[in-house]
Amino acid sequence: MSLPEQVPLSASAGRFIVRVARADDAAAFHALVIEADGALERHAESPEASRATLERVERSLAGKASDAERGYLLLLEDCASGEVVGCVQLVCSIGLDQPFYDYRLGKIVHSSSRLKSYRCHEVLYLCNDLTGCSELHSLYVRRDARGLGGAALLTKAAQLFIAGRLAEFAPRTIIEMHGVRDPDDTSPFWEAVGRHFFKVDQRGAERLVAQGRKAFIAELMPKHPVYLSLLPESAQSTVGGIHPDIAGLAPLLEQDGFHFENHVDIFDAGMVLEAHTRTLNGVANSREFLAGAGEPADGAQRWWVAAGEGEGFCMTAAPGSLAADRLILSPDILSRLGASTGASVRALGTA
Amino acid sequence: MSLPEQVPLSASAGRFIVRVARADDAAAFHALVIEADGALERHAESPEASRATLERVERSLAGKASDAERGYLLLLEDCASGEVVGCVQLVCSIGLDQPFYDYRLGKIVHSSSRLKSYRCHEVLYLCNDLTGCSELHSLYVRRDARGLGGAALLTKAAQLFIAGRLAEFAPRTIIEMHGVRDPDDTSPFWEAVGRHFFKVDQRGAERLVAQGRKAFIAELMPKHPVYLSLLPESAQSTVGGIHPDIAGLAPLLEQDGFHFENHVDIFDAGMVLEAHTRTLNGVANSREFLAGAGEPADGAQRWWVAAGEGEGFCMTAAPGSLAADRLILSPDILSRLGASTGASVRALGTA
Amino acid sequence: MLTIRPAQHSDLDALAETAARAGAPDVSLPNDPRLLGRLIAQSEDAFAADIDFPGEEQYLLVATDDGALVGAMLVVAAAGYPGADYSFRNETIIHASPELGVNHRMYALTLSHDLSGFTLLRPPLVAGDGRRVRVERALVQAALAFIATQPARFAEDLIAPLPGMVDDDGESPFWSAVGSRFFGVSYREAERLALGKDRSFMAELMPHHPIYVPLLPVGAQNVLGQTRAGYMPTYGLLIDEGFEAERYVDVFDGGPTFCVKRGLARSIRVAQKLPLAVDGSIGRSEPECLLANGEASRFRAVLAPALRRPDGRLATTADAASRLELIDDDEVCCVPA
Amino acid sequence: MLTIRPAQHSDLDALAETAARAGAPDVSLPNDPRLLGRLIAQSEDAFAADIDFPGEEQYLLVATDDGALVGAMLVVAAAGYPGADYSFRNETIIHASPELGVNHRMYALTLSHDLSGFTLLRPPLVAGDGRRVRVERALVQAALAFIATQPARFAEDLIAPLPGMVDDDGESPFWSAVGSRFFGVSYREAERLALGKDRSFMAELMPHHPIYVPLLPVGAQNVLGQTRAGYMPTYGLLIDEGFEAERYVDVFDGGPTFCVKRGLARSIRVAQKLPLAVDGSIGRSEPECLLANGEASRFRAVLAPALRRPDGRLATTADAASRLELIDDDEVCCVPA
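Residue numbers (the working numbering), protein chains in the order written: chain A, 1 to 351; chain B, 352 to 702; chain C, 703 to 1039; chain D, 1040 to 1376.
Worth flagging that the hints you see were computed from the coordinates, not collected in a lab.
Where hints are given, some of them may not hold.
[To be verified] Below, a list of computed lysine-lysine pairs in the DSS-like style, where the Cα atoms sit at most 30 Å apart:
#1 K975(C) <-> K1300(D)
#2 K199(A) <-> K107(A)
#3 K116(A) <-> K467(B)
#4 K574(B) <-> K415(B)
#5 K64(A) <-> K574(B)
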């Protein structure tokens, strides 16, 4: 396992906070979508779309969202500049308004004792198995802020956020990984499969999904299972793969309890990671403490620590010392979290 | 969750040991199969079949078994009488010689924005997804020895046994639960589905499977997915269910890390529990200690504790005190485990 | 004399009345004057156009007797055009296990587009009087004669669906067991939508995987491929014409869809093109034949006494010839009874 | 005079030689004297038996000219009997999205038992000389005349598979792309097994789910439904007879399986039963027709000059009549050229 991001991350993650997006983040979020140039594929590149996303977060925080739309947006903020440099989105229940599609990778064994033949075929089933699951998506860190632990901070923040509102989230949480692409940004899997069914290009198909216009998937996608063994080798090898740019992310998520459970993306066959929400590291192993102000001891353990609820949720990584039932954090960190002495914080020790 | 077995179990489980079956257990095991009257459905009711099972265990212990046949049989022995009163079987990799079939329960959502219709259908796919997994099966306790924690002891023993030979087991371990049956012992699911395809009765079909004659499943089973919503309500409600006789077992297994992951038995639709082998309670949380002899302190923690390797594997539940890196067990327990002071034991604290 | 011709705008009132008398929405004709008016206009365009291959055309024939409209029948050039026509194919799957001594046939209903583009004959709608079978047969024969004389307008395969069984409450046991599970709407509503242009909702809502027949409730199995009692005469008529109804059923009500290769439909197979001879000696004693003129927008067919003479000409009455708008020696298409 | 009759044991050597000259295992006839001998015995039993409905019978016809065996053709009464006959149905699936403006046809190969029980015509095997097309056509027409005169022995549907394309190395691109992935044996071996009685391994090994054609390698797509160059004459012959090859292909090599409703096969459709008249004036100037005698175990057919006389009798030569074992006024089945 290669963990390119992990080493610098714990050390410099303190440079950032993660907080819940507010209505007045619309412009900053729109700028992030534009900068991502398609990487935030679920988000249309329009100011209106960004505003709509933030309104949905507001309704969710106010308890006024429907089951289908309830979801949150967490932003990565550079404490020095106050700039928004990354994000992750949480959806409480996917697929309740329009179907959520993916492929499930199954096995079919054909054997004949008479022919002494035994063959195990892998087969892709178009399915909506993940309907009702919670999802993390749109995990993104701006190019110029990478390598500093922002992605890890966002994933841990998401888990701590979920831990604080567990009743709103489903028993299972998923995250889709970008799949393998050729140097020219085409996906070998798309070339071998999707192209024949859609007659539009991959980006075009993804854009329609971003706009919520998913009827075409039902209309055009293969209704029958696809035998993997009949596809070109180049496509087979990318099924359940991960884009090299995010190769470091999967091990982080696996350490937190996500597993590849044989679901892959319908367009690029990228792996979907799944976890039992309650067993996620940040849910099962985080604890609530009362915050204390002070200077943590030299060599004190580092913590992922979150304060505030709902729209006040704010999270960072920082050293902290345990004293009695209190977690002692530096006054600077406390103020950054918008918390004061005696406030309740949720913290997860860095391993 | 009802746990009828759990309370008496920890207290009286010390009455039993669990050990690896030896060649000279053939007669005792055959007697158990006969007594089970079909409940040990994977085992043909013949002395030859029992002998063959034990020979397979011997070959496995000797490292001479093929990947397809490698497996172990653990026996529950009543220490007072020396009688074999229960068993559990471990298979390292299922489905490598003949296909291992089950149904996977998937979801298909049909929605039409024009008709404002949204329907989530559950669908059963005949599959061999679990090919290559490890399996616990034939978990059985004799009628007259029930209610004393034998089943729990067997499941914990299996986990400790796996922990000691982890390289031989697959990343995923499964266990099939008996499904719901009517008072007359017919399964509503079989009546609604299997009967139409097999034209033999359920017991007959299960017996063929026990004899390893599985070709008929490929020949006769439905190749196309079955829509659950089109089946009678009585059959739908039993999919993923558990026979009331073993209702207490599922929560025990779930506490140890098994989850229902949407696979069910092809005959009675009983749930299949699955676990990532490395995260099983008895694998992830058991530790190796050096054994010490002595009287554990009053109120000492109780442990699931196993000694010996391979054919010497023996396990029981007992109180033990930790002293330095040693686990202090009573001389009686040590002798029952066939271990002496300084021997290595693997132990898991009872929660 | 029973005469069959393309519907025209002036037929609208009589057609609407006939449709209304036949009751609720029907697979024959829409029971809605506005839709009927549109259909007549489409049909007039279709008959008038030069057509090289079957497309969206719908041909509406009406039967009149003594000037009164007594029946109508719709022929759709290409079912589902330009998209798909949906049906369930009743698939036979042989399940055999030599070891178990089992060898039986399973049936499974598979959503199919097989019938897309086939020429579709809607069941004739006839004003309910004693002459129903006669008028129905004449309409079907006239439609087939039209197809035989205008082959470029139609597909090589013909299909004819009949409505499926309903129970005493007008509910379809097949719909209750299958369709209702996949649609969020009532049977009536689904049927109405299915007759419309945009059937994309079918792709969105219908099952993609085959449905095993033996797993369905017995009530639904029993009506599979069965039509309503009122349609048994039409059923017999289609069988006489060589149609077969083993393989396809309606996705909503499980009613039979009859199929025949064009060349195997009896009326097309036995149809003869002969020179006409007006003959005063022809009268009631001669057998009645369906005669058609082979035209498109001026298509006419009659049920008239006729006789093939030894000289190879077809003798019929002056009245019949005049209704066919033919004169001596013109070619007439004759379908012997 | 080209004469066609049931194979008999004395034909074995000549048949074996013809099969051997045609090369490796072939869908026409087994290239194995032992199997051929068994086949002849089965065929003799089939021709001799009273049969009410098609079953396991195999009818082997041979063509002789001047006493020499020049060709043979096998007719299987019910394909796959008593189990299933396997084929791929080339399913058309219409994928339409009004919103995307997409409307295209997808093709998918579905393992099907549809052809089970259909009467199967193996391609004629003809000693390779210049008269091949003539002998092949006569064999096919004779087989169809036999079917027309003995309808209870055969199914309502006829099928005729032709071998699929192979590349220069004798490898089938379709097999490489599909079959080889599902079988652990070579193409030759699979073909040999498939011709055998116990085909249960097909259920065990073949894909249950449809295979989307556009996802296959182009080389495999290109040979789908194509036959080898050497079979193009047979291909043309079947087309002339009204067979169609759009829907089914062989599961191993993707070769076409031709289908026709019995009543639509040209030779059956145009066949006429007429009283025979031996007529000395008939000679080379009259067109050759296929004539058959309508018998079972004494079935005979010849290719002979013949003429339908104004008196409605079929005039032919004394030689032809004698080969047909018919005399004046016996009924003869005539298939006009």
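Would you check the hint for K116(A) and K467(B), treating anything up to 30 Å between C-alpha atoms as holding? Judged against 30 Å, a Cα distance of about 52 Å means the pair is violated.
Would you mind confirming whether the straight-line C-alpha gap from K64(A) to K574(B) stays at or under 30 Å? Measuring from Cα to Cα gives roughly 46 Å; hence the hint is violated.
With a cut-off of 30 Å on the C-alpha distance, tell me whether K199(A) and K107(A) pass. Holds. K199(A) to K107(A) sits at ~29 Å (cutoff 30 Å).
Compare the distance between the alpha carbons of K574(B) and K415(B) with 30 Å, and conclude whether the hinted pair is satisfied. 37 Å, violated
Pair hint outcome, K975(C) versus K1300(D) [Cα-Cα no greater than 30 Å]: Holds, because 25 Å separates the two Cα atoms, which is no more than 30 Å.
Hint compliance for this structure: hints 3, 4, 5 are not met, and every other hint is.
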